[in-house]
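J.: Generate coordinates for the entire structure from the input sequences, incorporating the hints supplied.
Throughout, the numbering used here is defined as the position within the sequence shown, counted from one, plus 40.
Treat each hint with caution, since some may be false.
[As the list claims (entries may be wrong)] Below, simulated DSSO-like cross-link-like pairs (lysine-lysine); rule was C-alpha separation at most 30 Å, straight line:
no.	residue 1	residue 2
1	Lys173	Lys200
2	Lys173	Lys275
3	Lys285	Lys178
4	Lys200	Lys275
5	Lys130	Lys178
6	Lys275	Lys285
7	Lys200	Lys151
8	Lys275	Lys181
9	Lys151	Lys178
10	Lys285	Lys200
11	Lys181	Lys200
12	Lys200	Lys130
13	Lys151	Lys182
14	Lys283	Lys200
15	Lys182	Lys275
16	Lys151	Lys130
17	Lys173	Lys130
18	Lys200	Lys178
19	Lys200	Lys182
20	Lys151	Lys173
21	Lys151	Lys181
Since the hints were made in silico from the structure, they are not lab data.
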Amino acid sequence: MDKLKQVIQAIGVDIGALQGQQTSFLSASKAYELFPTYATLQSQMANNIKDKHLELGLDALIDTKLANGGDPFVTRSKLPTVDTSQLATKNDLEELKRSVGSGTGTSTELKGQGFPYALDAEIGVTYIDTTAKNGAFKWIKKRAGVGRENWVILAGDTGKVRARNINSTLGASYMEFRRINSTVEINFGGLSWGWFGIKRRGAEGYVPQGSDRERNVVILNVQGIPVGFRPIGSKIGMITNDKGKRLGTWYLGGSGDGNQFRLQFDDPVPTDRDIGDIRFSSVVYITDDPWPETL
Numbered sequence: 041m042d043k044l045k046q047v048i049q050a051i052g053v054d055i056g057a058l059q060g061q062q063t064s065f066l067s068a069s070k071a072y073e074l075f076p077t078y079a080t081l082q083s084q085m086a087n088n089i090k091d092k093h094l095e096l097g098l099d100a101l102i103d104t105k106l107a108n109g110g111d112p113f114v115t116r117s118k119l120p121t122v123d124t125s126q127l128a129t130k131n132d133l134e135e136l137k138r139s140v141g142s143g144t145g146t147s148t149e150l151k152g153q154g155f156p157y158a159l160d161a162e163i164g165v166t167y168i169d170t171t172a173k174n175g176a177f178k179w180i181k182k183r184a185g186v187g188r189e190n191w192v193i194l195a196g197d198t199g200k201v202r203a204r205n206i207n208s209t210l211g212a213s214y215m216e217f218r219r220i221n222s223t224v225e226i227n228f229g230g231l232s233w234g235w236f237g238i239k240r241r242g243a244e245g246y247v248p249q250g251s252d253r254e255r256n257v258v259i260l261n262v263q264g265i266p267v268g269f270r271p272i273g274s275k276i277g278m279i280t281n282d283k284g285k286r287l288g289t290w291y292l293g294g295s296g297d298g299n300q301f302r303l304q305f306d307d308p309v310p311t312d313r314d315i316g317d318i319r320f321s322s323v324v325y326i327t328d329d330p331w332p333e334t335l
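T.: Next up, the structure:
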């Protein structure tokens with residue numbers, strides 16, 4: 041019992057000590073006064089921005105944002121739009137390069153519509169026909185002055201051109217020219233398997249050639265080779281039947297021999313039958329004719 045009394049007395053002493061110390065503790069109202077209110081914080085931030093903006097680095101931050109349109113990131117949508125309609129194209133630059141490349145300031149390539157014969161350009165100047173008349177589209181000036189003899193074709197292709205006023209031929213047989221640049225090729229065909237044929241001697245439409253009326257037959261008469269396809273000199277080659285057996289020769293006359301084309305058979309041309317399986321050796325040559333005006 042005595043021990044219980046002692047414990048109660050000790051507790052009483054502790055409670056008295058705590059009560060004595062309470063006078064030094066902060067009251068709840070005093071404690072809340074130590075923390076700033078929201079309004080006080082707002083006011084302090086405003087004062088800091090106004091009075092300490094350099095120290096806080098705000099000026100530099102604002103300058104950076106303004107330099108990027110108010111956004112620290114540059115996006116595709118914020119890039120300025122550039123009007124390119126007045127800018128030079130690649131073709132414009134190439135044209136300028138050609139015009140000043142020689143140092144003379146004059147263009148080395150001209151463009152126009154039709155043949156360039158009337159142009160009095162310098163030697164070496166090239167010309168592009170934007171219409172590609174009759175298949176010719178690029179030329180070069182080789183001599184001074186105007187005129188068709190002063191221009192040489194660099195690039196052109198007539199395509200296949202059938203000969204007109206052809207003689208002595210059998211059925212649908214044809215003679216066909218093609219000129220690529222300054223090279224001419226003549227091809228023959230029209231019958232089965234690409235054969236060429238002539239009528240029997242004496243038949244209607246058969247035209248003998250005067251130097252040997254029995255063996256020689258006219259295909260294109262004198263001046264029959266069209267301008268633009270005429271050879272520089274006369275040419276000759278072989279004709280055979282479909283099995284390769286020699287029948288004779290073909291002959292292409294140059295300007296010194298009438299610009300004609302004929303066949304010259306080794307034996308007299310039959311009078312009782314047509315020859316319908318003629319094959320030709322290659323007929324290819326160079327021409328210095330101007331480009332054909334008509335096809």
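J.: Check the structure against each numbered hint from earlier and tell me which ones fail, lowest number first.
T.: 3 and 12
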